[in-house]
Amino acid sequence: MNPLFSTRTLTLMSAAIAINMVLGQVASMLKLPIFLDSIGTLIVALLAGPLAAFVAGLTTNLIWGLITSPVAAAFAPVAAVIGLVGGLCARSGGFRTLPRVLLSSLLITLAVVVVATPIRTYLFGGVTGSGADFMVAYMNVLGNNLLESVALTVFGANLVDKVLSALVAWVVVRGLPERIRTQFPAAAKVR
Amino acid sequence: MALIRCEHASLTRNGALHATLSGLSFDITAGETLAVVGGSGTGKTTLACWLAGWVPHAMQATVSGVACIDDTPLAGQSVARLAERVQLVQASPYAGLTGCAFNVAAEVAFGPENLGLPEAEIRTRVAAALELCEASDLSARRPASLSGGEAQRVAIAAALVMQPQLLLLDEAFSRLAPAAAGRLLARLSALTRNGMALVLFEKQFDLAARAASRILLLEDGQQQLLDTPAAVFDRALDHVRACDALRAAQRARRAGLWRDGVLPPLDAATAPARFLDVLHG
Amino acid sequence: MHPFTGLALMLPASLLALRLAAPDRLLVLLALPLFLLLSRPQGWKRFRQWCAVLLPLALGMLLVHGRWLDGWVSGTQEMATENRVEALLPVVRLWLRVAIVLACALLWLSTTTPERLMRALFASRLPAGAAYLLASPLLLIEQLKARLAAVSQAQAARGVDVHWSWFKRWRSLLALTVPLVVWTLSDVGERAAALDSRAFRSRARRTTLDAPVAARWERASMAFAALSAVLIAGSFIWP
Chain Y
1 MNPLFSTRTL TLMSAAIAIN MVLGQVASML KLPIFLDSIG TLIVALLAGP LAAFVAGLTT
61 NLIWGLITSP VAAAFAPVAA VIGLVGGLCA RSGGFRTLPR VLLSSLLITL AVVVVATPIR
121 TYLFGGVTGS GADFMVAYMN VLGNNLLESV ALTVFGANLV DKVLSALVAW VVVRGLPERI
181 RTQFPAAAKV R
Chain E
1 MALIRCEHAS LTRNGALHAT LSGLSFDITA GETLAVVGGS GTGKTTLACW LAGWVPHAMQ
61 ATVSGVACID DTPLAGQSVA RLAERVQLVQ ASPYAGLTGC AFNVAAEVAF GPENLGLPEA
121 EIRTRVAAAL ELCEASDLSA RRPASLSGGE AQRVAIAAAL VMQPQLLLLD EAFSRLAPAA
181 AGRLLARLSA LTRNGMALVL FEKQFDLAAR AASRILLLED GQQQLLDTPA AVFDRALDHV
241 RACDALRAAQ RARRAGLWRD GVLPPLDAAT APARFLDVLH G
Chain C
1 MHPFTGLALM LPASLLALRL AAPDRLLVLL ALPLFLLLSR PQGWKRFRQW CAVLLPLALG
61 MLLVHGRWLD GWVSGTQEMA TENRVEALLP VVRLWLRVAI VLACALLWLS TTTPERLMRA
121 LFASRLPAGA AYLLASPLLL IEQLKARLAA VSQAQAARGV DVHWSWFKRW RSLLALTVPL
181 VVWTLSDVGE RAAALDSRAF RSRARRTTLD APVAARWERA SMAFAALSAV LIAGSFIWP
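Residue numbers (my numbering), protein chains in the order written: chain Y, 1 to 191; chain E, 1 to 281; chain C, 1 to 239.
Rather than coming from a laboratory, the hints here were simulated on the basis of the structure.
Not everything, but these chain C residues come out facing chain Y in the computed CB check (under 8 angstroms):
#1 V53
#2 L63
#3 H65
#4 V91
#5 V98
#6 G129
#7 Y132
#8 S136
#9 L176
#10 V178
#11 V182
Each residue gets a CB set at the ideal place from its N, CA and C atoms; glycine is no exception.
With the rest of the complex left out, here is chain Y (with noise of 0.2 angstroms):
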């Protein structure tokens, strides 16, 4: 039997879904306007690579629909690709210094806009529920259509939460401990 995942990136893909959820609940919590549901997927991208990340931003999405709101589960494909582009960001050297994790955090931004927008506007028409429908309504009546106006508001939305997750994960992995450090051999750099 040869399994996909080693049995450590299992558990390290199991403790970053914990985090994920516990921390999208403290920033609702806390009230503040990010999400926070992505510094596990993307310190999973960091140590164990893009693949783990994806689905590992899957998953929590899927058990996140099961235990919370059935709604996060339509978004598990912008999880899983926030996985992807960070991981590969990684693999390539995009996390050795401060301006290269701000450029990687815009290209996971980029690319949540790109999944997320078709999701939101087909799915959802557009809305979530939330108060950045105010920026949608607001926009589309600017002109743009519906599409545009979904893309340039989740982008707005997203910027900072994936600005300051990237930063978090980055800090983390830095600050590893030797001796976890070397449980993860194919790490990507962070120095």
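Mind docking chains E and C on chain Y? Use the hints.
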């Protein structure tokens, strides 16, 4: 036929400047109880992990010399495949929990389930293992809610349920009350009569000496002595903890106050009798 | 009830919701799972969950698609009511479809517990690693939340408070997040060793104790669900 055989074996962890373990030459046969004693940081846990097959996947290190299980090298074995023959119970009680069981019974049954055993056999094994560790009343508890001592008992049960040929206990009694530890150790010794080999890794001399037929003394990762508890008594107590009665006996022996021919006491229970022997001859 | 039965039945229900176009038919399709949901134990709680998602969604849709902001922003003539209703029709359809899928999902969730679902996953043909990924985070979250409470108490003792103003909330966020994340990552290696030492994924087939068993009617329902899903999907291609 030795189950485990080590000859001039040494191990260097990745990133370490010098060898973590060196000069190891010992063997373990079926049904034997060996104790590895040493102070903190002397390499006991590293040796335990090595014997459990952690090198090199779970513990990155380079090895040299001979260290074999059934004549196949320990390094390079997959932990999962070795799991049916060797079981390690770690010092930290929560380290042995899988984190995917909703109650203790499921936690202990997880191992046999993975082996694909029939349901009836799994249930029998789980009940027997929990009974032996005095943990039957914990069956319905959530693993995360267990106290340190309870978690240790469950971890030992989870190791026993796999019916290993070699059971490694790395300071596995640290959170148990002495009486409970004594009872458990006695039951484990009874199991060795069925052929299971037992290795205790301890910082405490009395616990090790009570059950083991031989003691291996580790200091700075080097094997210093390998002999019966009575023979290593004097040297070992310089490096490990022991109860006051044994310390007193060691002092007496050092000061020449001991009577020749009387063996040193190995635990607090036998100490008074030995002292009386020394006094009255 | 076997956890997979409800999940299987969700598929044709969702496809049917996509297939139907007339709002009145969709309303009928919505009424059925909602009624069943309310009749379950704890039905009201789930109904409130359903409302909590769908009511803001409805308001948002009205806002975005009702074009009420038009006159306010660009000063053009406000739309006539009939035009507005016509513009809203596709949105109503969309809302009803989301409502149906959500109601079915909540109905399914009310028929099973996480524990039973986990057992069903492990007993299924799904790889053990996938079952582990779906099950273990739930258990880990409980520990994390306890840990979070402990960390935030420790931070509060050091002068960080989650009830503070905006700027302080941002700072306290970092103070809470990083220790929690590092703590969770620190025993990843140990947990992997624990799994491996229980021979996890060492054999191709594993036994699962107390695996949920699908009764005959459930197996029949799943077959029926699969068949209807195929038929409904087919009706998309050949109207």
